[in-house]
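Engineer: Heads up: the sequence lines are chains A and F, in that order. So for the first sequence, this note's numbering puts the first residue at 1; every next one is plus one. So for the second sequence, this note's numbering puts the first residue at 1; every next one is plus one.
Watch out, some of these pointers could steer you wrong.
[Claimed, not checked] Listed next, the in silico DSS-like pairs over lysine-lysine satisfying Cα-Cα at most 25 angstroms (straight line): (1) K29/A to K62/F; (2) K349/F to K69/A; (3) K103/F to K69/A; (4) K49/A to K347/F; (5) K388/F to K118/F; (6) K125/F to K29/A; (7) K125/F to K53/F; (8) K121/F to K66/A; (9) K118/F to K49/A; (10) K121/F to K69/A; (11) K334/F to K386/F; (12) K377/F to K69/A; (13) K388/F to K377/F; (14) K66/A to K386/F; (15) K103/F to K29/A; (16) K29/A to K121/F; (17) K377/F to K49/A; (18) K103/F to K62/F; (19) K62/F to K66/A; (20) K29/A to K49/A; (21) K29/A to K347/F; (22) K121/F to K103/F; (23) K49/A to K125/F.
[As the list claims (entries may be wrong)] Short derived list, chain F residues pointing at chain A, Cβ under 8 angstroms: (24) K118; (25) K121; (26) R374.
Hints were generated in silico from the structure; no laboratory data involved. Backbone N, C-alpha and C define an ideal beta-carbon position, used for all residues, glycine too.
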Amino acid sequence: MPKAQVTFEDIGVTVTVPAGTRLIEVSEKIGAGLTYGCREGECGTCMMKIVTGSEHLATPSVLEDKVLKENYAGVANRLACQAQVLGGHVVVRPG
Amino acid sequence: MSRAGAVRPGEPVAIAPDVFWVGALDPDLRQFDIILRTANGTSYNAYAVRGSKGVAVIDTVKAEFAEEFFARLWSCCRPDEICAIVLNHLEPDHTGALPALLKAAPQASLYLSCPALKMLKGLVKESLDEARIIAVDEDTRVDLGGRSLRFLYTPYLHWPDTQCTWVEEEGLLFSGDVFGCHFCDSRLFNDSVGDFRFSFDYYYQHIMRPFREHVLTALDLIEPLALRLVAPAHGPILRDAPANYVRRYRQLASPLLANEAGGREKTLLVFYISAYGNTERMAQAVRNGAEGVEGVRVSMYDLAGGDPGPFVDLIEEADGLVFGSPTINGDAVKPVWDLLSSLTLVKVKGKFGGAFGSYGWSGEAVGLVEDRLRGLKLRVPRPGVKVKLIPTDEELEGCAELGRELAEHLVGRVAPRHIDFTAPNALTA
Ligand SMILES: Cc1cc2nc3c(=O)[nH]c(=O)nc-3n(C[C@H](O)[C@H](O)[C@H](O)COP(=O)(O)O)c2cc1C
Ligand code: FES
Ligand SMILES: [Fe+2]
Ligand SMILES: [Fe+2]
């Protein structure tokens with residue numbers, strides 16, 4: 001199975017997950033400080049900062065792009081309920 | 001024109017030169033937004049501001065009161081004079097008459113905060129001419145001729161889209177729900193109405209308190225203004241010493257007693273309840289474990305000996321929370337839920353949380369409490385501790401480990417960990 005690694009910087013936890021996993025599927029299980037509202041890419045509550053490895057995330061959907069814009073997101077921001085990790089190692093933190 | 005300060009049917013009330021109250025009184029209301037009570041009803045304050053170029057309408061009223069609103073509005077201006085409609089937030093108690101107003105004044109532009117744009121579709125179901133809708137920011141200035149409207153973005157006071165509207169020439173702040181309260185008194189001005197101080201505080205506690213940090217940011221914007229008049233969306237218009245009410249918000253948003261640990265130490269609260277002493281012994285072990293971590297002040301409370309209110313005050317200031325509950329009839333016990341369902345009054349998002357408890361055969365309590373903590377947006381960084389009946393020394397050591405680890409998280413001293421979710425049983429290991 002293709003795998004990927006994600007480090008949640010705020011709590012110092014690194015996880016190994018199957019490629020294609022959305023961050024929302026793991027971040028709550030391990031108690032990272034990412035928080036969710038709608039859970040479906042609408043409200044922007046789950047905005048996070050990609051510290052390194054953004055190239056390992058699937059490119060944002062039209063919906064995600066729109067919500068990021070509406071919430072004045074910077075280039076390093078993604079929605080944790082939408083972003084899928086495809087491989088490699090991604091480091092994220094809340095924000 | 002009406003006598004200043006006295007509301008009469010169908011008549012507007014002048015609150016400043018060419019500025020009129022055109023709201024509605026709802027004296028019989030006793031419950032608001034499900035979460036608030038009121039002994040004095042409420043008012044929906046809407047306003048009209050006249051300049052040499054046109055009239056701006058600031059907010060409207062709840063739908064059932066549209067007729068009363070329009071009667072007042074049309075006796076101080078003609079529909080074709082309205083050039084601007086401003087909504088300080090989109091909650092239905094202030095936007096109920098919006099669809100009718102948009103129709104009556106088709107030439108008027110609608111001024112909203114950016115986040116309000118996203119909600120507008122959910123509110124006005126007919127299609128709206130996009131060209132009429134203007135998203136404002138702190139640089140926007142709406143010139144009415146001789147006076148102008150500016151906007152302060154005050155998000156989450158108490159909706160994401162909340163803003164205040166400022167008329168510099170008059171020192172007049174249309175503050176929306178901020179500085180408002182549910183207190184209906186037809187004398188309208190704070191120096192004429194009955195004593196509404198408890199309503200003012202109560203409104204803050206129930207509506208604004210969950211957003212305390214946003215309140216403090218908004219006060220930084222509001223305090224420097226040379227305020228002569230504050231015109232909120234509910235309750236008395238503050239013309240006598242309006243700065244006192246701003247100061248009161250600052251007090252209400254500050255901790256009551258300075259926290260001795262404030263700044264230097266992190267705080268961890270251990271709440272427990274126990275019928276036979278098993279969960280209590282676990283609580284003591286959690287506390288002892290946490291106390292071993294330098295820089296953390298640990299406090300422990302038996303939920304059987306207190307009411308949610310004061311505990312909520314403690315939680316608002318704390319960095320970490322641990323809850324101990326036995327499992328009784330397949331659930332955590334009511335005092336735990338009573339506290340956990342009272343936390344919408346304060347911000348708990350991002351605090352660290354954990355759970356533990358003794359059980360007999362099924363042990364649901366710990367998992368249910370953890371789910372609730374996650375639902376409240378706490379971080380629950382490690383699985384809680386469940387112990388069957390009487391805890392052994394080894395199991396108590398597991399409780400101490402829970403306390404220690406949470407405390408280490410609070411001071412950011414937790415050792416980096418790796419979890420392999422592609423391995424079987426990753427989280428239970
Ligand atoms: C005090 C208050 C707080 C609210 N908080 C939220 C919220 O956190 N998230 C949300 O999606 N909607 C929130 N809303 C919006 C309501 O869910 C929305 O107005 C809904 O349409 C009300 O439904 P009802 O007509 O059945 O009462 C809030 C509304 C009020 C009055
Ligand atoms: S949780 Fe709402 S956008 Fe992700
Ligand atoms: Fe409101
Ligand atoms: Fe309101």
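Engineer: Next, verify each hint and record whether it holds.
Structural biologist: How the hints compare with the structure:
1. K29/A to K62/F: Measuring from Cα to Cα gives roughly 43 angstroms; hence the hint is violated.
2. K349/F to K69/A: holds (24 angstroms)
3. K103/F to K69/A: Judged against 25 angstroms, a Cα distance of about 31 angstroms means the pair is violated.
4. K49/A to K347/F: holds (22 angstroms)
5. K388/F to K118/F: violated (51 angstroms)
6. K125/F to K29/A: violated (39 angstroms)
7. K125/F to K53/F: At roughly 30 angstroms apart (the allowed maximum being 25 angstroms), K53/F and K125/F break the hint.
8. K121/F to K66/A: Holds - the C-alpha atoms of K66/A and K121/F are around 16 angstroms apart, at most 25 angstroms.
9. K118/F to K49/A: This hinted pair holds, its Cα atoms lying about 23 angstroms apart.
10. K121/F to K69/A: holds (18 angstroms)
11. K334/F to K386/F: Measuring from Cα to Cα gives roughly 18 angstroms; hence the hint holds.
12. K377/F to K69/A: holds (24 angstroms)
13. K388/F to K377/F: violated (28 angstroms)
14. K66/A to K386/F: violated (44 angstroms)
15. K103/F to K29/A: Status violated; Cα separation ~50 angstroms.
16. K29/A to K121/F: violated (35 angstroms)
17. K377/F to K49/A: Between K377/F and K49/A the Cα gap is close to 18 angstroms, so the pair holds against 25 angstroms.
18. K103/F to K62/F: Cα-Cα ~17 angstroms, so holds.
19. K62/F to K66/A: violated (32 angstroms)
20. K29/A to K49/A: At roughly 19 angstroms apart (the allowed maximum being 25 angstroms), K49/A and K29/A satisfy the hint.
21. K29/A to K347/F: holds (21 angstroms)
22. K121/F to K103/F: holds (16 angstroms)
23. K49/A to K125/F: violated (36 angstroms)
24. K118: holds (6 angstroms)
25. K121: Violated, about 12 angstroms.
26. R374: It holds, given that the least Cβ distance between R374/F and chain A is near 6 angstroms, below 8 angstroms.
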